[in-house]
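Asker: Spelled out from the first residue to the last, the chains are:
There are 2 protein chains.
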Amino acid sequence: MEKGKNGGWVRNIELIPPTLQDNTADADRLTGALKKELGTEFVDIEFDLLKRLPQILRESGYRVRCILFKQHGRWLLLDADAGDDRIIAGLAVDLGTTRLVLRLIDLVSKKTLGEISFDNPQISVGPDILARIHFADQEGGLEKINRLIIDGLNKNIENLCGECGIRPADIYLFSIAGNTAMTHLFMGLNPRWIIREPYIPVVNSPDVKKALTLGIKLNPIARILIFPNIGSYFGGDLIAGILFSGLNKSDDTAILVDVGTNAEVVLGNKNWLMACAGAAGPALEGGVTKMGMMAGPGVIDKVSIEPDSCIFHIHTIENKTPIGICGSGLIDLAAHLFLSGMVDIRGRLMLARCNKRIKDINGIKHLVVVPETESATNADLTISQADLDSLVRSKAAMYTILETITSSVGIVLNELSRFYVAGTFGSFIDPRSAISIGMLPDLPIDAYLSLGNSSLGGASMALTSCESVDEIDKIRDSITYLELNVNQEFMNRFSAAKFLPHTNKSLFPSVKQMHQERI
Amino acid sequence: MEKGKNGGWVRNIELIPPTLQDNTADADRLTGALKKELGTEFVDIEFDLLKRLPQILRESGYRVRCILFKQHGRWLLLDADAGDDRIIAGLAVDLGTTRLVLRLIDLVSKKTLGEISFDNPQISVGPDILARIHFADQEGGLEKINRLIIDGLNKNIENLCGECGIRPADIYLFSIAGNTAMTHLFMGLNPRWIIREPYIPVVNSPDVKKALTLGIKLNPIARILIFPNIGSYFGGDLIAGILFSGLNKSDDTAILVDVGTNAEVVLGNKNWLMACAGAAGPALEGGVTKMGMMAGPGVIDKVSIEPDSCIFHIHTIENKTPIGICGSGLIDLAAHLFLSGMVDIRGRLMLARCNKRIKDINGIKHLVVVPETESATNADLTISQADLDSLVRSKAAMYTILETITSSVGIVLNELSRFYVAGTFGSFIDPRSAISIGMLPDLPIDAYLSLGNSSLGGASMALTSCESVDEIDKIRDSITYLELNVNQEFMNRFSAAKFLPHTNKSLFPSVKQMHQERI
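Quick mapping for you: the protein sequence lines, in order, are chains A and B. Quick note on our numbering: the first sequence kicks off at 4 and runs consecutively. Quick note on our numbering: the second sequence kicks off at 4 and runs consecutively.
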């Protein structure tokens, strides 16, 4: 193990006091000791600390607690004190398009002090990324949309600190992971070229910045680490996810997928990493169906159907009366409709088997999932044939993307040792259901590992492990980005994947078995 | 030669515009090209530039002029533009205790645009270093004394820019060399421990700072390089002097001496550098004599005495009526008094030979250099026996320091190939006179090279050569500092040197010859 790599950002350093024979200056004495401790050639020192250092050293008897950080391999000494019970904190942020999660971490014990989450305040000027990029390009738009996120963060930082009994001034480090556009808006950079061919971000690997520079109210000398991106469509949240999964240190080749409207995929091991991103369509997140919505109380997140009786078992979040369905519920629903024979291998509703649940609305077939008498909306909660078609296209796109990236390096999907599912949405998906409809490959269930909020997880690692910060740069620089060309081969794969679970049933032996048992 | 080392801080870079196949972000595209150009692993980028970069790149057709700098080996991209006739300037500063000199340099052509000099405004609160350090240690003193120098610089920068037809905002780089205490006061660091045993500066090697941070009004993103020091008594002005002399790249061993109240000496070659500093006493600068003063109009800077007739030839600055004598004049005077036999080898006035020029004032013998009828003060300009004694002690101290450092590495003083005399005062000394009194060793006259304002010269090099900035760190880190212990050996050497030119006349063969010819 390389020297100094495995300690945290706070280190206790004991110096030999100066003498006539050893009259090195205060700052150089301390950075010299740190260079030894950290095994590095340079340690920069925060100017504000320089002014206070002579007194700190003499009052502490030359035994100090140092707060450090690193910028692209270069160490920086931020602050030093005599060491007391005062908490030295860091804040990890998952900068979601929809929602932000903040985690406050004790940089000494490396324990979580508290968490808070809130809706991205930029929703008020643009519901999605595209709308926000256009908003930012208007006169004064960039300043306004940047202000929204900064103010939102400052308010919530203050609240979180209050809950944890510390002050924002106790926060010295801040790490943030988000997609490329959100990261740009956070920095106040205009993302206009991200959505214009050839889709160029302002920056891939931002330098570490002072919190003050970005308007974030922490300790005045606090630093902000912004996770780098690979391009306009592969953001820092994914880099954080890779870091969190440990994919980049794995002996066996594994895959990491962030399932959503965009499917972001990373394949690799400790020797190489390959990434791609493609549109899977909003259907996977329940975004197409009339009854589709984001997870929340009363939202259906799990569905099962007894294959013989076709009796539905509906689970809602917090067991409230159902008001709609979220992505994971929709995947469950589709899987169980297929396994119970209520839809065929093309995703068509089987009228005979669906029986009384079928309704005709404006000439389109709908399946009633929850009748109006049982729903909180006083209306049937239904899924239409069009919704099912859309879902099938989305799951086919997802599978095609997975097949394309693995085959590009000559790997068969079903041979993967580990399948990481990243993101909050991913953590709710039942892999059995996703396999049943052929959205994810037919691996043993225990090959699937949900990472939860891996963006927040990665951001947190940057605060608890110095080694992680080096890894971030390494991950970014080692990834080969595979541009997904929608060519004939891709279309052939896509067509074959537009069946439940797949045209080639031998790819899904476990589904074939379940299906045959039940039909 | 290492790649990119010999260009200046302004570089023209042509980029390959982005395509769908090469969608590297704007910032990373530019820093990537710079990494190649500079042969370096990291190039940080100024955040302010990041915001403007997409437009700059697209409007310039991806051909940009980059303004760079370096911080302890790490490159930083400060600004970029499409390249026009606008002057991009740097400012080199010699931060003297008494006087400051500012040199404005065109960073592209590397030519000097103009110079300005002014008295150190801190004189108003403390005439010398010691007084200023005490002043800074009082309540509010540090802020006040720092304000004086910063305001003085800002005012003179504005004046100099006005004279040269540019704006302070056109200045991107600022390099400053001064002694350790002055450098501390410039940065607003309390130098209190510099004068207290064991004499510890706050910092030896300051990081590059933003001009804004230090209150210097240049371009908002301008950077300041502060020359590092070796200790409390060996400052950045000397490091600048070494850089300027090229001592650190010399094949032959040479010596560099800054003659003044403190004698600072560096001995070495491209393989090693050894430094020491010691008090030579104020006599060398004319600071003891009643008639002594700093160089200025009417001040005697050159003296010769016809050895047979003892007729004095007095030269004054600007040929004004004499008002006093400066250090170089005093050394000339002492040398010619000795060579003409008007003082003996112990520096005693030879009454017979001095004849009518001797006056008795309060029981002490004085030699009249300029009679009252010829002086601008309407009084005799005289030098007393006590003044001469003091001068002899000072020159003996200087020679002893030189002997100590050379003998510490087994070198004989008279074998040195090159003797650099640094500093403004040094540039006025006639080495023949200095040799005659045994202040400097008896080398061939052409071995002596006056560097003039080598502090300003070194500071200027930092603005015109990227390589120089690396050298500064190398010089600082490679110097071995020799602590001058006033032990028996030192005292023996000192006693032997308290004769004109020296007890051991064989050390000064040229003087022996001159003296014998004339006496």
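For the record, the hints were derived by calculation from the structure and aren't laboratory data. C-beta: ideal position from N, C-alpha, C; glycine also. Errors might be hidden in some of the hints.
Simulated pairs of lysine-lysine, BS3-like, Cα-Cα distance not exceeding 30 Å [what the hints assert, rightly or not]: (1) Lys-54(A) - Lys-147(B); (2) Lys-113(A) - Lys-212(A); (3) Lys-54(B) - Lys-220(A); (4) Lys-54(A) - Lys-212(B); (5) Lys-38(A) - Lys-273(B); (6) Lys-39(B) - Lys-54(A); (7) Lys-293(A) - Lys-213(A); (8) Lys-39(A) - Lys-220(B); (9) Lys-477(A) - Lys-39(B); (10) Lys-293(A) - Lys-113(A); (11) Lys-54(B) - Lys-213(A); (12) Lys-515(B) - Lys-212(B); (13) Lys-477(B) - Lys-38(B); (14) Lys-38(A) - Lys-54(A); (15) Lys-213(A) - Lys-252(B); (16) Lys-38(A) - Lys-213(B); (17) Lys-38(B) - Lys-39(A); (18) Lys-54(B) - Lys-38(B); (19) Lys-477(A) - Lys-252(A); (20) Lys-54(B) - Lys-38(A); (21) Lys-213(A) - Lys-273(B); (22) Lys-323(A) - Lys-368(A); (23) Lys-273(A) - Lys-114(A); (24) Lys-212(A) - Lys-220(B).
Okay, the calculated bits of chain A under chain B, using three or more residues with CB under 8 Å as the criterion [what the hints assert, rightly or not]: (25) 53 to 61; (26) 204 to 217; (27) 328 to 337.
Asker: Against this structure, judge whether each hint is valid.
Answerer: For each hint, the structure was consulted:
| no. | hint | result |
| --- | --- | --- |
| 1 | Lys-54(A) - Lys-147(B) | holds (15 Å) |
| 2 | Lys-113(A) - Lys-212(A) | holds (22 Å) |
| 3 | Lys-54(B) - Lys-220(A) | holds (21 Å) |
| 4 | Lys-54(A) - Lys-212(B) | holds (14 Å) |
| 5 | Lys-38(A) - Lys-273(B) | holds (26 Å) |
| 6 | Lys-39(B) - Lys-54(A) | violated (37 Å) |
| 7 | Lys-293(A) - Lys-213(A) | violated (45 Å) |
| 8 | Lys-39(A) - Lys-220(B) | violated (37 Å) |
| 9 | Lys-477(A) - Lys-39(B) | holds (19 Å) |
| 10 | Lys-293(A) - Lys-113(A) | violated (44 Å) |
| 11 | Lys-54(B) - Lys-213(A) | holds (16 Å) |
| 12 | Lys-515(B) - Lys-212(B) | violated (54 Å) |
| 13 | Lys-477(B) - Lys-38(B) | holds (22 Å) |
| 14 | Lys-38(A) - Lys-54(A) | holds (21 Å) |
| 15 | Lys-213(A) - Lys-252(B) | violated (39 Å) |
| 16 | Lys-38(A) - Lys-213(B) | holds (24 Å) |
| 17 | Lys-38(B) - Lys-39(A) | holds (28 Å) |
| 18 | Lys-54(B) - Lys-38(B) | holds (21 Å) |
| 19 | Lys-477(A) - Lys-252(A) | holds (11 Å) |
| 20 | Lys-54(B) - Lys-38(A) | violated (34 Å) |
| 21 | Lys-213(A) - Lys-273(B) | violated (40 Å) |
| 22 | Lys-323(A) - Lys-368(A) | holds (27 Å) |
| 23 | Lys-273(A) - Lys-114(A) | holds (28 Å) |
| 24 | Lys-212(A) - Lys-220(B) | holds (22 Å) |
| 25 | 53 to 61 | holds (count 4) |
| 26 | 204 to 217 | holds (count 9) |
| 27 | 328 to 337 | violated (count 0) |
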